[in-house]
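Position chain B against the provided structure of chain A, taking the given hints into account.
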Amino acid sequence: MNQDLSYVRQDMLVQQTPPVTERGLVKWLRENLFSTPMNALLTVLGFVAVVLLIRGILPWLLNGVWEATSLSECRAIVAANAGEGAHGACWAMVNERWNQFIYGFYPRELYWRPTIAFALMFVALAPVLYYGLNRANAIMVGVVGILLVLALVGVGTDGQHILLAAAIFVALTAVAWIAPKKLVWMTAAFPFVGFYLLWGGSVWGPIGVLAGFAIFAGVWLALQRAAGVVVAAGIAVVVAAVWWLVIQTTVTTFIAALLPVGLDAIDSDQFGGFLLAFTIGVTAISASLPMGILLALGRQSDMPLVKTLSVGFIEFIRGVPLITMLFTASLLLQYFLPPRSNFDLILRVIILVTFFASAYIAEVIRGGLAALPRGQYEAADALGLDYWQAQRLIIMPQALKISIPGIVSSFIGLFKDTTLVAFVGLYDPLLGITKIVRSDTAWKGIYWEPYLFVGAIFFLVCFSMSRYSMYLEQKLKTDHR
Amino acid sequence: MTLAVEAPKESFRLSQLIYDTRYRSYTIQLIVLLLFLAFLLWLTNNTIQNLAAKDKDISFNFLWNRAGYDIDQQLIPYTNDSTHFRALLVGLLNTLAVAFLGCILATVIGVFAGVLRLSKNWLVSRLMTVYVETFRNVPLLLWIILAFTIFSEAMPEVKDFKVTQEIVDSGGSPAASMTFFDTVAITNRGSNVPAPLLTRPLGGFTVGGIPINLSVLATIALLAASIWVNAGLRRRAKAVQEATGVRPVTWWKSLAILIIPTVALLVAMGLHWEIPGFATGENGVSKGFNFIGGITVPHSFTALLIALSLYTGSYIAEAVRGGILAISRGQSEAAYALGLRPGRTMNLVILPQALRVIIPPLISQYLNLTKNTTLGIAVSYLDLKGTLGGITLNQTGRELECMMLMMLIYLCLSLIISSVMNVYNTSMKLKER
Numbered sequence: 000m001n002q003d004l005s006y007v008r009q010d011m012l013v014q015q016t017p018p019v020t021e022r023g024l025v026k027w028l029r030e031n032l033f034s035t036p037m038n039a040l041l042t043v044l045g046f047v048a049v050v051l052l053i054r055g056i057l058p059w060l061l062n063g064v065w066e067a068t069s070l071s072e073c074r075a076i077v078a079a080n081a082g083e084g085a086h087g088a089c090w091a092m093v094n095e096r097w098n099q100f101i102y103g104f105y106p107r108e109l110y111w112r113p114t115i116a117f118a119l120m121f122v123a124l125a126p127v128l129y130y131g132l133n134r135a136n137a138i139m140v141g142v143v144g145i146l147l148v149l150a151l152v153g154v155g156t157d158g159q160h161i162l163l164a165a166a167i168f169v170a171l172t173a174v175a176w177i178a179p180k181k182l183v184w185m186t187a188a189f190p191f192v193g194f195y196l197l198w199g200g201s202v203w204g205p206i207g208v209l210a211g212f213a214i215f216a217g218v219w220l221a222l223q224r225a226a227g228v229v230v231a232a233g234i235a236v237v238v239a240a241v242w243w244l245v246i247q248t249t250v251t252t253f254i255a256a257l258l259p260v261g262l263d264a265i266d267s268d269q270f271g272g273f274l275l276a277f278t279i280g281v282t283a284i285s286a287s288l289p290m291g292i293l294l295a296l297g298r299q300s301d302m303p304l305v306k307t308l309s310v311g312f313i314e315f316i317r318g319v320p321l322i323t324m325l326f327t328a329s330l331l332l333q334y335f336l337p338p339r340s341n342f343d344l345i346l347r348v349i350i351l352v353t354f355f356a357s358a359y360i361a362e363v364i365r366g367g368l369a370a371l372p373r374g375q376y377e378a379a380d381a382l383g384l385d386y387w388q389a390q391r392l393i394i395m396p397q398a399l400k401i402s403i404p405g406i407v408s409s410f411i412g413l414f415k416d417t418t419l420v421a422f423v424g425l426y427d428p429l430l431g432i433t434k435i436v437r438s439d440t441a442w443k444g445i446y447w448e449p450y451l452f453v454g455a456i457f458f459l460v461c462f463s464m465s466r467y468s469m470y471l472e473q474k475l476k477t478d479h480r
Numbered sequence: 000m001t002l003a004v005e006a007p008k009e010s011f012r013l014s015q016l017i018y019d020t021r022y023r024s025y026t027i028q029l030i031v032l033l034l035f036l037a038f039l040l041w042l043t044n045n046t047i048q049n050l051a052a053k054d055k056d057i058s059f060n061f062l063w064n065r066a067g068y069d070i071d072q073q074l075i076p077y078t079n080d081s082t083h084f085r086a087l088l089v090g091l092l093n094t095l096a097v098a099f100l101g102c103i104l105a106t107v108i109g110v111f112a113g114v115l116r117l118s119k120n121w122l123v124s125r126l127m128t129v130y131v132e133t134f135r136n137v138p139l140l141l142w143i144i145l146a147f148t149i150f151s152e153a154m155p156e157v158k159d160f161k162v163t164q165e166i167v168d169s170g171g172s173p174a175a176s177m178t179f180f181d182t183v184a185i186t187n188r189g190s191n192v193p194a195p196l197l198t199r200p201l202g203g204f205t206v207g208g209i210p211i212n213l214s215v216l217a218t219i220a221l222l223a224a225s226i227w228v229n230a231g232l233r234r235r236a237k238a239v240q241e242a243t244g245v246r247p248v249t250w251w252k253s254l255a256i257l258i259i260p261t262v263a264l265l266v267a268m269g270l271h272w273e274i275p276g277f278a279t280g281e282n283g284v285s286k287g288f289n290f291i292g293g294i295t296v297p298h299s300f301t302a303l304l305i306a307l308s309l310y311t312g313s314y315i316a317e318a319v320r321g322g323i324l325a326i327s328r329g330q331s332e333a334a335y336a337l338g339l340r341p342g343r344t345m346n347l348v349i350l351p352q353a354l355r356v357i358i359p360p361l362i363s364q365y366l367n368l369t370k371n372t373t374l375g376i377a378v379s380y381l382d383l384k385g386t387l388g389g390i391t392l393n394q395t396g397r398e399l400e401c402m403m404l405m406m407l408i409y410l411c412l413s414l415i416i417s418s419v420m421n422v423y424n425t426s427m428k429l430k431e432r
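From first to last, the protein sequence lines are chains A and B. Numbering follows numbering that gives the first Met the number 0, in which position 320 of the first sequence is assigned residue number 319; successive positions increment by one, without gaps. Numbering follows numbering that gives the first Met the number 0, in which position 51 of the second sequence is assigned residue number 50; successive positions increment by one, without gaps.
Chain A with its partners taken away, still in its complex shape (with noise of 0.2 Å):
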């Protein structure tokens, strides 16, 4: 069949390019930046905004001057750069008290403890931040160790201490690429070791109270045959309590007397800079996770006692500020101790902290747990499991993971709260640091450039807590959508 339709195209015609309005940046530009007259408007006064922005930055940060001993020799230099009149930033303070900012007053021959103490937190952190990736665990591992001789070498340290480090680093990175299961006992570690690091003093302290955990354990799975679970747990407690009141401190002095172990003591009141920051953070933030989650299961609780008190307690911390509980603890401490205790005011900033972030923490918990159907509680009963099992397997997996962006921003709004342990007379970078450096003559009138500098920290560590609390989210994310 072969008719001649002549009106009928015999073949297709070339693709025609679309109409200049309808493709590349113009569509783009329509689109996005000129649909409509108002966006239009909007768009124009973002531009101008953005330009005027850049117009007073930019010439600031490129006649920047990284080397000088003082405000007017820096603007000397700017003067000198950039003509008469202009403006340049002054890094060479940043650079200059670098030191200060990052470690307060600790002795400068010691920068290497808190040092390898912050890599070693990171070795720690790892089964948990990566839990399930055992690779890239040893490779983080690695690249910690090797950051941490590079910035030993930049802080000045003997080689000794180098070499120590990297035998230290290069043990845990083949320990996590051969049996990654095992990190699991530094993080249980890391807190004495961190403590041990960073305070110094005999060594049998940190042990002492480690040894409290090893007797609790021993005494449980001793008893737990004999006297069942509950009773033996509760034996166990009470046998370690004694153990740390009573007996710990009369042993450690025995033995550190014969075997006088140990690094140079460190005074509290050396602390200072992010040092300070994150030894305080750090600390609140792991130990505030727990007593919240505590918490949220006591308001939940159907012991009316239980839920009274737990309820007192989060609406208590949650109505005052968190400065009235800072100078709750260095000024109404002392009134509440036994008399004549007197123990460090960075622990005691440490414990108040870690009670107000645990309050919101069980706000956040208590929603998860809200937001968990009933059928997921029967269905545990159901099973047959008791209390805390149900908690362990079923509900808290499923609630944590419901909270963790309420959790994570908590957790931000804490270690940015760390900046407020300056009206308490401890050193933060923000008000402690910043104010001796500006009463430095050498350094007064300086104001954009060690907040902007501080910022910049701060905005760093919290962006990147929330960069990673969207990645764990997305990673345990089961439901389909």
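Honestly, the hints are just simulated from the structure, not real lab data. Even glycine gets a Cβ: it sits at the ideal position worked out from N, Cα and C. Take the hints with a grain of salt, since some may be wrong.
To be verified - Listed below are the simulated DSBU-like cross-link pairs for lysine-lysine, each with C-alpha atoms no more than 30 Å apart in a straight line:
1) A:K443 - A:K181
2) A:K476 - A:K181
3) A:K434 - A:K180
4) A:K474 - A:K180
5) A:K474 - A:K400
6) B:K161 - A:K306
7) A:K476 - A:K400
8) B:K161 - A:K443
9) B:K428 - A:K434
10) B:K252 - A:K400
11) B:K428 - B:K237
12) A:K474 - B:K237
13) B:K161 - B:K237
14) B:K252 - B:K237
15) B:K158 - A:K443
16) B:K158 - B:K286
17) A:K306 - A:K400
18) A:K476 - B:K237
19) A:K400 - A:K180
20) B:K119 - A:K26
21) A:K400 - A:K181
Claimed, not checked - For each label pair, taking beta carbons as the anchor points, the in silico distance ranges come out as:
22) A:E314 - B:R235: 39 to 45 Å
23) A:G227 - B:L95: 56 to 62 Å
24) B:Y335 - A:W65: 55 to 61 Å
25) A:V154 - B:L29: 52 to 58 Å
26) A:I145 - B:P155: 47 to 53 Å
To be verified - Not everything, but these chain A residues come out facing chain B in the computed CB check (under 10 Å):
27) K26
28) A39
29) L209
30) F212
31) I214
32) D263
33) S267
34) I322
35) F326
36) P337
37) S408
38) I411
Then chain B, alone, in the frame of chain A:
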């Protein structure tokens, strides 16, 4: 043959207190109660011993002693001869002032930023993202101090505003000039803003040492009455619309009801503005060392207000954005299908539903802002923390009483704000069976 076997009578054994879930909770609660009481006893005992050791007692009589310090921002009359209690009140009012204004400003900023962040305009949404992320991830303290430092170090000194003889001779102008059409002078000490003055005030009286200004009271009452009348007008318009389908035009009536009575009252009382300035001598030379007239707003207040509202605004922006995103796309698609324009879709369909999601986080942001006003001590803003928990505490040495009282006041403040907002929340909630 079947025998009805009775269930074996369980005799109560002591071990059931631990192993039987029916009784275990009593055991646990008893232990908790004992531990709690022991803890309280321990605390009280320690406190009594410590107080005895320091030779102190608990008494609130110091509140009636002379305070002896000055407060530069005072909403009720206060001199350094006033009592500590009076200082407490001044501080509390300062806290409330900055918290109230901050909440309003933060809400405005937050709603704008949150809606604009969802805008289809690429540039604007990116700019808002930068704003929100920058403010959320940097400590509030930094913003407060930075704002204060910029104000107090980058602004001109008072003497720069003066017209000296040399300036008059050379025909130049002073080093610094006033802003906002020559009405506001921002110096390194404070902002001098125009003060409203009345030529025919209505007078006033004092209640318990707190002066009540009848003119202000009358203006507020009139404004509230106009708002109430306007609400009635809108209700009637709605009823007409529902009965006939045609909504009567109300906007000019609303405007008239809202504006005319208040303006009339203000004009009748003779409102005029006193603009700050120097006393000028012959041929325009300034005399004196400081501005006269107007109100001087200390920079501590301005910096605290700006920093608090920008910081909290970024959180509110996130809440608003989350609330709008929580409304399913089907709602806006249905609205478009009904022929509603985008603006009306937002106002009539999306926002009323989003509001329910937004209000709970908004409440907690208001509470946070109120509690964060305590950071004013970084810039010496004398709020409740600055007066009662700061200078009064240091002068009298009564840490226990001052801190307890302060915590109690903040607790009450939080409870009041959250209960008021919860009433609003309940009224906005979806009415369900």
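Hints versus structure:
no.	hint	result
1	A:K443 - A:K181	52 Å, violated
2	A:K476 - A:K181	27 Å, holds
3	A:K434 - A:K180	45 Å, violated
4	A:K474 - A:K180	20 Å, holds
5	A:K474 - A:K400	10 Å, holds
6	B:K161 - A:K306	66 Å, violated
7	A:K476 - A:K400	8 Å, holds
8	B:K161 - A:K443	27 Å, holds
9	B:K428 - A:K434	49 Å, violated
10	B:K252 - A:K400	54 Å, violated
11	B:K428 - B:K237	21 Å, holds
12	A:K474 - B:K237	50 Å, violated
13	B:K161 - B:K237	58 Å, violated
14	B:K252 - B:K237	14 Å, holds
15	B:K158 - A:K443	22 Å, holds
16	B:K158 - B:K286	10 Å, holds
17	A:K306 - A:K400	24 Å, holds
18	A:K476 - B:K237	47 Å, violated
19	A:K400 - A:K180	22 Å, holds
20	B:K119 - A:K26	14 Å, holds
21	A:K400 - A:K181	25 Å, holds
22	A:E314 - B:R235: 39 to 45 Å	44 Å, holds
23	A:G227 - B:L95: 56 to 62 Å	57 Å, holds
24	B:Y335 - A:W65: 55 to 61 Å	57 Å, holds
25	A:V154 - B:L29: 52 to 58 Å	56 Å, holds
26	A:I145 - B:P155: 47 to 53 Å	52 Å, holds
27	K26	13 Å, violated
28	A39	9 Å, holds
29	L209	25 Å, violated
30	F212	21 Å, violated
31	I214	21 Å, violated
32	D263	32 Å, violated
33	S267	21 Å, violated
34	I322	4 Å, holds
35	F326	6 Å, holds
36	P337	5 Å, holds
37	S408	8 Å, holds
38	I411	7 Å, holds
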